[in-house]
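Chemist: Sequence:
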Amino acid sequence: MTTGISRHVAALLIAMSAVGGCSPMSPSDQSTPKADGPTAPPPSDAESRAQVVDTAKDVVRAADLRVTYASFQWEWCNDQGDPPFHGRVDMAFEVPPGADSQGLGRQIAATLAELPGWAPGPPPGFQPAGDVVHRGGVMVIVGPGNYPERGAVEIYGECRNMNDHRDDNELTDITAEVRAG
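For the sequence shown, the residue numbers in mature numbering (1 follows the signal peptide of the UniProt record, and there is no 0) are -20 to -1, 1 to 161.
Think of the hints as simulated: they come from the structure by calculation, not from any bench.
FRET-style restraints, in silico, Cβ to Cβ: (1) GLU27 <-> PHE106: 17 to 27 Å; (2) ALA156 <-> ALA79: 20 to 30 Å; (3) ASP147 <-> THR19: 25 to 35 Å; (4) GLY117 <-> THR48: 23 to 33 Å; (5) GLY78 <-> ASP147: 42 to 52 Å; (6) ALA160 <-> GLN60: 31 to 41 Å.
Here a beta-carbon is modelled for each residue, glycine too, at the ideal position from N, C-alpha and C.
Use the sequences and the hints to build the structure in full.
Modeler: Structure representation (structure tokens):
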């Protein structure tokens, strides 16, 4: 009986190996992006930083936010901590007295989505929680902050920076830069 089970297990493993690429979880030719023509070179550190910091300034202006804190950091785009990396900005803002931070987040996202170049929801391939908009490959998530009188904005740049930022895990305070617009 053990030999019969072993044969069935072996046959099952061979069959799984043969059709493993047919799983709906495997990328297909239709779902795998193809490069049409020349691709853009990876952005420099300054370009990656500007991508998210300039977006933060745009969000502050468009939604008339009173920013209490803003920070920039590098974040890896994979589980290994290897390139590519992207820039990330986190901001806290004041929620007006009597306003609901969750409702205000929806309102801010809706305001941004109406601006030229912006679209509601995340870029293709992402499924974050919260009120989300994007402009190109830059994603903005708006929601409640750590305190009832605070809201939060997270901005994620494109995962295209190929410089090694494994040891660049320091938060940089950019509050004054973002407030200055």
